[in-house]
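Enquirer: Here is what each chain is made of, one letter per residue.
2 protein chains.
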Amino acid sequence: MISPEIALKLILKNTPKLDNEFIDILEARGRTLARDIYSDMDIPPFNKSAMDGFACRSNDLKKANVILDIIEDIPAGFFSKKIIKNGQCARIMTGACLPKAADTVVRVEDTKFIDKFRVKILKTAKKNENLCQKAEDIKKNQLVLTKGIILRPQEIGILASCGIKKVPVIKKPKIAIISTGDELVDVTQIPKNGQIRDSNSYSLFSQVEKLGILAKKFSIVKDKPNAIKKIIKKTLKYNIVLISGGVSVGKYDYTKDVLKKMHVKFIFEKIAIRPGMPTAFGIKNKTLIFGLAGNPVSTFVIFEVFVKPAIYKLMNYKFSEKEILAKLEIDVKKKSGRTHYLPADFKVMRNNFWVRPVRFHGSADLFSLTNANSLIIIPKNAYWVKKGSFIKVVLLN
Amino acid sequence: MISPEIALKLILKNTPKLDNEFIDILEARGRTLARDIYSDMDIPPFNKSAMDGFACRSNDLKKANVILDIIEDIPAGFFSKKIIKNGQCARIMTGACLPKAADTVVRVEDTKFIDKFRVKILKTAKKNENLCQKAEDIKKNQLVLTKGIILRPQEIGILASCGIKKVPVIKKPKIAIISTGDELVDVTQIPKNGQIRDSNSYSLFSQVEKLGILAKKFSIVKDKPNAIKKIIKKTLKYNIVLISGGVSVGKYDYTKDVLKKMHVKFIFEKIAIRPGMPTAFGIKNKTLIFGLAGNPVSTFVIFEVFVKPAIYKLMNYKFSEKEILAKLEIDVKKKSGRTHYLPADFKVMRNNFWVRPVRFHGSADLFSLTNANSLIIIPKNAYWVKKGSFIKVVLLN
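Protein sequence lines correspond, in order, to chains D and U. Numbered per our numbering, the first sequence spans residues 1 to 397. Numbered per our numbering, the second sequence spans residues 1 to 397.
Hints may contain errors.
If several chains are the same, the list does not tell them apart, and a pair holds so long as it fits within one copy or across any two.
List time: in silico PhoX-like cross-link candidates among lysine-lysine, alpha-carbon distance up to 25 Å [claimed, not checked]:
hint: 1; residue 1: Lys380; residue 2: Lys333
hint: 2; residue 1: Lys82; residue 2: Lys62
hint: 3; residue 1: Lys62; residue 2: Lys123
hint: 4; residue 1: Lys347; residue 2: Lys308
hint: 5; residue 1: Lys166; residue 2: Lys17
hint: 6; residue 1: Lys82; residue 2: Lys251
hint: 7; residue 1: Lys112; residue 2: Lys251
hint: 8; residue 1: Lys386; residue 2: Lys333
hint: 9; residue 1: Lys392; residue 2: Lys327
Rather than coming from a laboratory, the hints here were simulated on the basis of the structure.
Whole structure, please, built from the sequences with the hints as guidance.
Expert: Pasting the structure below:
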C-alpha cells in the first residue's frame with residue numbers, strides 16, 4: 001500500500017491544468033487569472049482633486065488670507081479648457097480634473113466666500129496638496145495583475161479600472177458525483193429494513209460547491225455492473241468523477257472491475273490511510289476518477305486531502321503546501337500502522353495554535369465531524385502522541 | 001464625529017435578523033440553520049457490518065480455525081429473516097444488516113473457503129468486532145443540529161441522513177449596489193477627458209458575492225437629484241443599499257439630501273476613520289442604506305469593516321468578535337487623529353502572527369490592495385507604533 005504522501009504526488013502528477021476561457025468580470029471572483037493584465041491608461045488619467053475645494057496656483061498662496069477670483073466651477077467628469085492665472089482659482093469637486101496651471105487644492109473648510117465671485121484662502125498652501133497626480137497609482141501599459149493569481153474583490157476592481165470586461169481565466173472543472181449501493185435510498189425516502197439514506201453525494205456536492213463549483217449529482221446507482229457501466233459512460237466527459245461505494249473487497253463491489261473493463265487506468269487502488277483505505281484513483285483520457293469508500297467520514301476526509309488538491313491543480317491554484325502545526329491538548333493514541341486523519345477542534349489561544357481530537361468512533365460517524373473544524377494527522381509510525389507535542393493539522397473551515 | 005466602534009454598534013443595533021425560509025438541501029451550504037434538527041431514525045438503523053466478511057456468533061469463535069456452515073449471502077440493502085444458529089454463519093458485505101443472533105463479523109481476509117458452503121475462520125473473535133451497533137452514531141429523536149449554526153458540508157451530510165430535503169434557514173439579504181458620479185464610465189468604455197472608469201460597483205459586487213450573495217448591480221447614476229431619487233425608489237425593497245459617491249461636502253453631492261427628502265433616517269453621517277470618513281448610514285423601514293465615499297479603497301474598507309458585519313447580522317451569523325493581534329514588522333506612523341485602516345500583508349511565521357503595511361498612498365490607490373491580505377488598525381490616538389508592537393488586524397482572505 002502506498003502512503004498518503006505518495007498517493008497525493010501521483011494524483012497531482014496525473015492532473016492536467018485546464019484550458020483558458022473568457023468570462024464576464026462579475027463572474028471572475030475566485031477564478032485563476034490566465035493572462036497578464038496591463039493597464040490601457042494612466043490611473044488617475046489626470047491630476048485629480050482629492051477634496052472638495054478650490055484649485056489654485058501654489059505661488060499665490062505663500063501667505064494666508066489671500067483673496068482669489070473664482071473663474072469657474074469644475075464638477076467631477078468635467079474637463080476645463082481654461083487656464084488659471086495669478087490671482088485666480090476654480091471651485092473644484094472631489095474626483096474632478098484640475099484646470100491648467102493649477103497645482104494645488106485648498107479644502108473648502110479652509111476657505112471663506114467673500115461673494116459669488118471671490119474666495120478668501122485662510123491658509124498657506126504648497127504645490128500638490130490635496131490632489132492625486134496623474135498616473136500616481138498605475139501607469140499606462142504597466143503590468144497590473146500577473147497570470148496565475150486568484151482574483152479577489154480588489155483585483156476585480158482593478159480589472160474594471162483597466163477596462164477588462166471579459167476576463168481570461170482558467171476553466172472550472174466539471175465534476176460528477178455518484179453514490180452506489182443497494183442499501184441506499186434518497187433523502188426524501190424512509191429507509192426500509194437494511195437500508196440507509198445516502199449522505200455522501202450530498203456532503204460531496206457541498207464540499208465541491210464550497211469551492212465555487214456546481215457539481216452534477218447523479219441519482220443513486222445500484223450495485224449492478226450494467227448500471228455502473230451506464231453511469232460511468234455518461235460521466236467520461238467530466239474532468240473529475242467521484243464515485244463512492246463498491247470499491248472494497250466484497251462480493252458485490254463491482255466499481256473497479258467495471259472501470260477496468262472500460263479501460264480506466266488505475267494509478268493506485270489503496271492508500272495506507274485511516275479512514276479511506278480502499279480509495280482508488282484512475283484516469284481515462286483526461287478524466288480523473290476517484291473511487292471512494294462508501295463510509296461518510298472516509299468520503300469526507302479523502303475529498304479534503306486528495307480531491308481538493310486535484311481540483312486546485314486543474315484550476316491552476318497555487319495552493320499553499322505550507323503545513324500548520326498545532327499543540328496537542330491531550331494525549332492521542334492509535335492502533336493501526338496507517339496514517340490517521342482524525343476529526344479535531346482547532347483553536348487560536350494566546351497567539352498559539354491548539355488542537356484536540358473530537359469524540360469519534362469510526363469512519364461511519366459523520367456526526368463527529370459536526371464538532372470538528374480540522375483534521376489532525378497522526379503519522380503511520382506514531383502510536384502515542386503526547387499532550388503538548390506539535391502535530392500537523394488540515395483546516396476544514 | 002463618532003468612532004468606528006460606536007458606528008459599528010449603531011449599525012448592528014439597527015440591523016434586524018431576516019425571516020426564515022425553506023430551501024433545497026443542495027443550496028443550504030453556508031446558510032444559517034433556522035430551526036433545531038432532530039433525527040427521525042437511529043443511525044445506523046440496524047447492527048451494520050463494517051467489513052466484507054462473515055457474520056457469526058462470537059461464542060462459536062473462542063478457538064481459531066473453526067469451520068462454519070454458510071447459510072446465506074447478505075448484500076448491503078438486504079434484510080435477512082434467517083437466524084444464525086451455533087456452527088453457522090452468513091457471508092456479509094460492508095454496510096449490510098447483521099442477521100439475527102449474529103453478534104460479530106470476521107473479515108474475509110481472516111477466513112478461508114473450504115467449499116461453496118463452508119468457511120474456516122482463521123482467528124478467534126469477540127462480540128461486536130467489525131460492526132457498527134444500531135444507533136451508535138445518532139439516536140432516534142436526538143437533537144443533531146442546533147439552530148443558529150452555519151451549515152458546512154458535514155452538516156449537509158447529516159441533514160441528508162435525517163431525511164431533511166427542505167432545510168429551514170435564514171433568508172439571504174437582497175443587496176443593491178449603485179455607483180454615482182458624472183465622472184464615471186462603465187468598464188466597456190474608454191474614459192474621455194475628466195472621466196474615469198467605475199470600479200467600486202465591481203469590487204463591491206465581488207465582496208458581496210464572496211459571501212455567497214448575488215447582489216443587484218445598477219448602472220452608473222449621474223450626479224442629478226432626480227436620477228438619484230429614481231434609483232433609490234427602486235432599491236427600497238432591498239435589505240441593503242450600497243451607494244457610493246455623492247456623500248461628501250461638494251456642491252454636487254446630492255445623495256444625502258435626496259435620501260433625507262425621501263425620509264431616510266440617518267443614524268450617522270461621518271465616521272472618525274481613514275479612509276472612509278464621509279460614510280453615512282441611514283434606515284428607511286427595514287432597508288439599511290450605506291452612503292459610501294467614492295474612493296475605491298474607502299469603499300473597500302468600509303465594506304469589510306461595517307457592511308459585512310451587518311450582512312452577517314441579517315443572516316444571523318454568529319460572527320466572531322475575537323480580534324487577531326499580530327506583531328508589526330516595521331514602525332508605522334500616521335498623522336490624523338482618526339482611526340486608520342491600512343492595507344497590510346499578514347503572515348504566520350514560527351507559529352506567530354506578523355504583519356506589515358504595504359505601499360499605500362491614499363484612498364484612491366486600489367492597486368495597493370492587490371498586495372494586501374489584511375488591514376491593520378492604528379488607533380485614533382496612536383501616532384507612532386513601534387516595530388514589534390502587537391496591533392489589531394482584519395483579515396481579508
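Enquirer: Each hint needs a verdict: does it hold in this structure or not?
Expert: Here is how each hint holds up against the structure:
no. : hint              : verdict
1   : Lys380 <-> Lys333 : within (12 Å within a copy, 51 Å between copies)
2   : Lys82 <-> Lys62   : within (23 Å within a copy, 104 Å between copies)
3   : Lys62 <-> Lys123  : within (9 Å within a copy, 100 Å between copies)
4   : Lys347 <-> Lys308 : both (23 Å within a copy, 23 Å between copies)
5   : Lys166 <-> Lys17  : within (21 Å within a copy, 37 Å between copies)
6   : Lys82 <-> Lys251  : between (89 Å within a copy, 20 Å between copies)
7   : Lys112 <-> Lys251 : between (92 Å within a copy, 15 Å between copies)
8   : Lys386 <-> Lys333 : within (9 Å within a copy, 45 Å between copies)
9   : Lys392 <-> Lys327 : both (9 Å within a copy, 24 Å between copies)
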